[in-house]
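J.: Model the placement of chains B and C on the given structure of chain A, informed by the hints.
Chains as they are written, first to last, in our numbering: chain A, 4 to 207; chain B, 114 to 709; chain C, 53 to 323.
These are computed hints drawn from the structure, not numbers from a lab. Virtual Cβ for every residue (Gly too), placed ideally from N, Cα, C. Please note that a few of the clues may not be correct.
Said to hold, decoys possible - Here are some of the chain B residues that sit facing chain C, going by a computed Cβ distance under 7 Å: (1) A122; (2) A371; (3) V376; (4) P382; (5) G393; (6) H421; (7) W422; (8) M474; (9) D513; (10) G588; (11) Y599; (12) F601; (13) S679; (14) D680.
To be verified - Over 12 Å on every C-beta distance to chain B, these chain A residues come out as not near it, computed from the model: (15) R25; (16) A30; (17) L54; (18) T79; (19) G84; (20) S101; (21) G106; (22) Q122; (23) A162; (24) Y201.
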Amino acid sequence: MTRGAAQGMVSPAALRPAGASRREATAFIGMVVFLASWTMLFASLFFAYGLVRTHATAWPPADQPRLPRLLPGLNTLVAVGASLALERAGRTWRDVASHATAGWLALATVLGAAFLALQASVWRSLWGEGLRLDGGPYPSAFYALTGLHAAHVLVGLVALGALTWRAWRPAGEALERTPLRLWTMYWHFVGAVWLILYVAVYLA
Amino acid sequence: MITAAELKAAEASQPIHAEPTSFWRKYVFSIDHKMIGRQFLWAGLIFLLLGGTLAMMIRWQWAFPGRKVPLLGDLFLHRTGGVIGPAEYQQLFTAHGLIMVFFAVTPVLIGAFGNFLIPLQIGARDMAFPKLNMYSFWAFALSQVLVLASFFVTLGTGGAGWTTYPPLSTSIGTPGSGQSLMVLAIFVTGVGSTMGAVNYVTTIIRLRAPGMTYLRLPLTMWGIWLTAILNALFVPVLGSAGLLLLFDRDFGTQFFIAGAAGVRGGGDPIVFQHLFWIFGHPEVYILILPAWGIVGDVLSFFARKPHHWYKGSVGAMVAVTVLSALVYGHHMFQTGMSPLLGEGFMFFTLIISVPSMIIVMNQVFTLWQGSIRFVTPMLFALGTVIVFGVGGLTGLFLGDISMDLYLHDTMFVVGHFHFTMAAGSVLGAMTGIYFWFPKMFGKQLDERLGKIHFWFTSLGLTAVFGGQLLVGWAGQQRRLYDPYQYTFIQGLHGLNTWTSMFAFTLFAGQMVFIYNFFKTIFFTAPTNVQNPWGIPTLEWTDAASPPAYHNFDRIPGVLRGPHHLSDPRVEERLERDFLGQAEPGPEGATSAVEPA
Amino acid sequence: MTGRRLLAALGALAAATAHAAPLPEKGFGLPLDVSRDGHHIDSLLWFTLAAIVAIYLVVLGGMAWTFLRHGRTHRAAFSGGSRRSIGLLVGSIAVIALAVDGHLFVATMRDMNEVFWNFAEVDQRPDVVRIEVNAHQWAWVARYAGPDGRFGTEDDVITTNDIRVPVGQPVLIQLASTDVIHSFYLPNLRVKRDAVPGMINGLWFQAEQAGQYEIACAQHCGPNHYKMRGVLTVLSREAYQQWLREFSEVAVRGYDPDDQEAHWGWPWRSL
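For reference, chain A alone in the conformation it holds in the complex (with noise of 0.2 Å):
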């Protein structure tokens, strides 16, 4: 069924069996404590990472690699594109999925691909220069954070290329309105913690 000729016959709300609503927003709810669970560990990896910054004589240290700007700038682009695209895929869905939320989600995915490959890249220069591991805090420092950072992005991956695949299904009914709604507060998450990692790991 298309989406015009079920905009003609019956209003959205309708179609939607009673307590979907409700148990979206007890999703919702229970999304909003998972991220504030994740926001505390993000936000304590920070402030260590704060920390040790303080208690260090000279950051980077004069041996070792600057991190660069580029790349990972670019990477701050992929992922505000993977948001907007979360975005209109969720604005897209009226009362299921259309063939643009399929589009929409496909796009975010190959972002998020491609923030991962391009953090890879940035991981293999620098592994290439001599920042190894066990260098001390400066290097201990910057692959934890960018280590938890990607294998979030990973996860957050994954579930996109599942909410794909169900978008693209026969008229797309295998989508539901609440996973999309979730995972895409998830992605932003992600992205809001790249964008304080950007600015304190990166040009800091």
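T.: Using the frame of chain A, we list chains B and C on its own:
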């Protein structure tokens, strides 16, 4: 006014499901909050026994240093011929602390009571996320396996104290996989706690029955809800500390390693302490808030009187929750922090004593002019108040920087936290077990055995932890394998030995409980009396003992608060001294009790 | 006296004192306090003890009364608290908070600023004795600057588990550790401070009575944490000067510029 439409909507949003029939779905991979609650109870009690055994070995070392440990020595101490050596000793006190905090008290107070009671006390059919609930139990079970595994690796389990301070806890101070396994176990249990916290917080916000406003919740619910909020926010901080420590141990990073082993200046061991205590201080409130809630309710129920200044207690519990993270630095007064920072932490530590006092005084005032029934749950509740009182008051010494200069890292600290944590939380847990046992299992624990257990436990705990306070006052430090290497401690030999004797007696007294527990569960016929104690809250008035799979045949509509006891109008009309929360009442008895 | 015989004599003296036993304390109760400023702590300890015992007994007494009078046969009052009872509760807690907590706060602020944390001021005193202490698993190694007054030179006196100070003079200690966190604890002088790798912490005290007292470790630092014991010897001013002079001469004679491990000292910090 609760409308019929509200009740209908509540029913529609929580449809009744059929109970699963297969053994695995019913008893192992259950999504039923009641079964998960019982699973946490068993898991927690088993590890409470293990943690207690470790404590007995510590006390054995002090009472009979160098002597072979009976039974356990042959089983577990092969390397040293059955005797506890310094390396084994540090593993004992490390494992005792971690197991008691994370694997005994937490699963019983929060995992068992939270899971079992939340839907029943708020009038819901299950938690908001039943499958997540199941995952949280199995994450916890996995963490218990990891803890046990850490004992069996070559160098044994970790030995850096439950506080796991680096650099001692890094591979420089404590090599081997045992410490890493311990840290991993803590991380995994933290993941489980976070999952549980999401469930608890969301369920209480979203699934309260119509009419169950926040200020009509039983205090047990307030305690557990606030604990869950603290869990959600602060367990991740421990998670980050654990993660970074694991990185330092196993990937060569240098967050916390300094001194001679530091590369390019090294990291900062104090950062770990910040992270640990930002978690650690809220953690102690996580362990006491459910106990406060349970005890508050139980005291009211068995004094047959509304709780004194319910709103004050709720406000105080919220205040404690908010302040809990601001005081954490009082664990770090001696690390060399600037005096201004220290004074700030001292200020907040003194402030937080105020809401704590309000909570305890409200509990005491609840008894006044009551009609007290001295049944076992009530005895344990009273014991909790009396014993926690000592713990709370001794905290005053430690929150003051000057006095902490002398008392830091002495046995006085150990006595203080055992009085608050062990006595307060364990006695609180026993209150809950004896009180809700009929609801969980359909029969009551033996009253006489319960009273014997109570006296052994409260007097025993007081004697043992009182002994710790006394030797700490005399300056004996913590975590000493052989305290009498120091001349200034040699005069305390007799006191330490007596304390150990009291500890063995305390442990022996727990056998009464174990016997009572097993006998009643497995060898006593159920009586299935729905409300044997005459309690007004929903789990007693509207659900069977034990409850049906779907909890409530009809979602109740709540009309009043949880402590409507001894209302003369009720006694006149209904010839009993309580009115249920969802019970239509005589005219005038429809609102929560106001201050007269 | 030849150098060798002097060395032997001093060695014997050192061996005898390193394992000497300070008089055992009697048992419970605070250990003997021989410091100038420890009484600040002791008086707070007694004040707080008196306060909490009083509070506890009053509350316990009230509870005992209610157990006796308001038992099963008493008719419960249908009240969740009146304005009077709530007022009494809040009022008494406010009084306790102000009287007890308040006193603790004010007294400690004063103690911290005037006594326990005024390192800069103590460092200026003409008769201050400066000692660097390096804690490691499992011994306390101390370094004195020697007659030239500079740390890290060949006349530095280095001792193990043996710290000597003059009576009646302020002793300022800078504390470090090479491996794990330890905590330098003098029970008879009421001082304690953590020794943290990567940091230099300060503490100071002044002993008013000669004698031998114990140095203890107050932070779990590995299996031999229980044995990390030293002896603090408080000497008369003359005896201290003589000891420092003699050991300094020994140090100069025994100085080995290539022994990196022995050169753990640091330039004196201003804290």
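J.: Determine for every hint whether it applies to the structure shown.
T.: Hints versus structure:
1. A122: violated (31 Å)
2. A371: holds (3 Å)
3. V376: With Cβ-Cβ at 12 Å, over 7 Å, it is violated.
4. P382: holds (6 Å)
5. G393: G393 of chain B check fails; min Cβ-Cβ to chain C is 16 Å, beyond 7 Å.
6. H421: Hint on H421 of chain B: holds, closest Cβ of chain C at ~4 Å, below 7 Å.
7. W422: At about 4 Å, which falls below the 7 Å cut-off, the nearest Cβ of chain C leaves the hint on W422 of chain B intact, so it holds.
8. M474: holds (5 Å)
9. D513: holds (5 Å)
10. G588: holds (4 Å)
11. Y599: Result: holds, 6 Å to nearest chain C Cβ.
12. F601: holds (5 Å)
13. S679: With a closest approach of 4 Å, the S679 of chain B hint holds.
14. D680: holds (5 Å)
15. R25: It is violated; R25 of chain A is separated from chain B by about 5 Å at its closest Cβ, not greater than 12 Å.
16. A30: Not fine: 8 Å to the nearest Cβ puts A30 of chain A too close to chain B.
17. L54: The claim is violated: L54 of chain A sits with its nearest Cβ about 5 Å from chain B, within 12 Å.
18. T79: It holds; T79 of chain A is separated from chain B by about 23 Å at its closest Cβ, greater than 12 Å.
19. G84: The assertion about G84 of chain A holds, with a minimum of 28 Å to chain B.
20. S101: holds (28 Å)
21. G106: Given a closest Cβ separation of 31 Å, the condition holds.
22. Q122: holds (18 Å)
23. A162: holds (16 Å)
24. Y201: Since the minimum Cβ distance to chain B is about 19 Å, Y201 of chain A lies beyond 12 Å and the statement holds.
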